[in-house]
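**Student:** Sequence:
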Amino acid sequence: MSQTLAPLPETQPPDEGILSSHRVKMLIAFAVLVGALGYFVFQAFSGAAVYYYTVGEINDIGPSPEGKTVRVSGKLEPESFHRAAGSTLSEFRLTDGSETLAAAHEGVLPDLFINELSDIILEGCYDPNGVFKSETI
Numbered sequence: 000m001s002q003t004l005a006p007l008p009e010t011q012p013p014d015e016g017i018l019s020s021h022r023v024k025m026l027i028a029f030a031v032l033v034g035a036l037g038y039f040v041f042q043a044f045s046g047a048a049v050y051y052y053t054v055g056e057i058n059d060i061g062p063s064p065e066g067k068t069v070r071v072s073g074k075l076e077p078e079s080f081h082r083a084a085g086s087t088l089s090e091f092r093l094t095d096g097s098e099t100l101a102a103a104h105e106g107v108l109p110d111l112f113i114n115e116l117s118d119i120i121l122e123g124c125y126d127p128n129g130v131f132k133s134e135t136i
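Anchor point for the sequence shown: position 92 equals 91 in numbering that gives the first Met the number 0, and the numbering is continuous, going up by one each time.
Don't read these hints as lab results, they were simulated from the structure. Hints are not guaranteed to be accurate.
Said to hold, decoys possible - With beta-carbon atoms standing in for the labels, derived distance ranges: (1) Glu78 <-> Asn58: 17 to 27 Å; (2) Ala43 <-> Ile120: 52 to 62 Å; (3) Glu78 <-> Cys124: 24 to 34 Å; (4) Ala35 <-> Arg70: 25 to 35 Å; (5) Ala35 <-> Thr135: 24 to 34 Å; (6) Lys67 <-> Phe39: 22 to 32 Å; (7) Glu78 <-> Val33: 48 to 58 Å; (8) Ala35 <-> Ala84: 25 to 35 Å; (9) Val40 <-> Glu134: 24 to 34 Å.
Ideal placement from N, C-alpha and C gives every residue a C-beta, glycine not left out.
Construct all of the structure, not just a fragment, from the sequences and the given hints.
**Tutor:** Written as structure tokens, this is what we have:
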């Protein structure tokens with residue numbers, strides 16, 4: 000006598016929702032991590048990508064409003080550097096080969112500043128007399 004057994008009902012795992020699976024949680028954590036890393040990289044490099052004017056460009060647009068900081072690039076004009084003995088105030092002219100810019104810097108200068116082949120980038124603003132006062136070289 001053979002007895003026929005009734006089929007067992009299919010068992011399904013309990014419904015825990017789509018966000019409860021381990022794989023989805025890992026993907027969300029990875030996406031947040033990549034987003035945060037991307038944000039920090041963008042912030043780090045956006046500060047470094049500051050534009051600078053050439054001497055000709057800054058002369059064309061004229062003096063910036065007093066107190067507005069800009070960057071200017073050029074080379075030291077030959078025979079234009081002057082600093083009084085015992086002073087840290089340096090006065091000089093930058094050139095792009097055709098135009099010049101009167102500039103001054105208070106403080107220690109980089110070693111290669113006097114080299115006429117070195118590119119110099121000044122960061123600063125104009126004073127009331129129209130001289131570019133450098134805060135950073």
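**Student:** None of the hints should be skipped; say for each whether it holds.
**Tutor:** Hint-by-hint comparison with the structure:
no.	hint	verdict
1	Glu78 <-> Asn58: 17 to 27 Å	20 Å, holds
2	Ala43 <-> Ile120: 52 to 62 Å	20 Å, violated
3	Glu78 <-> Cys124: 24 to 34 Å	26 Å, holds
4	Ala35 <-> Arg70: 25 to 35 Å	30 Å, holds
5	Ala35 <-> Thr135: 24 to 34 Å	31 Å, holds
6	Lys67 <-> Phe39: 22 to 32 Å	29 Å, holds
7	Glu78 <-> Val33: 48 to 58 Å	55 Å, holds
8	Ala35 <-> Ala84: 25 to 35 Å	54 Å, violated
9	Val40 <-> Glu134: 24 to 34 Å	27 Å, holds
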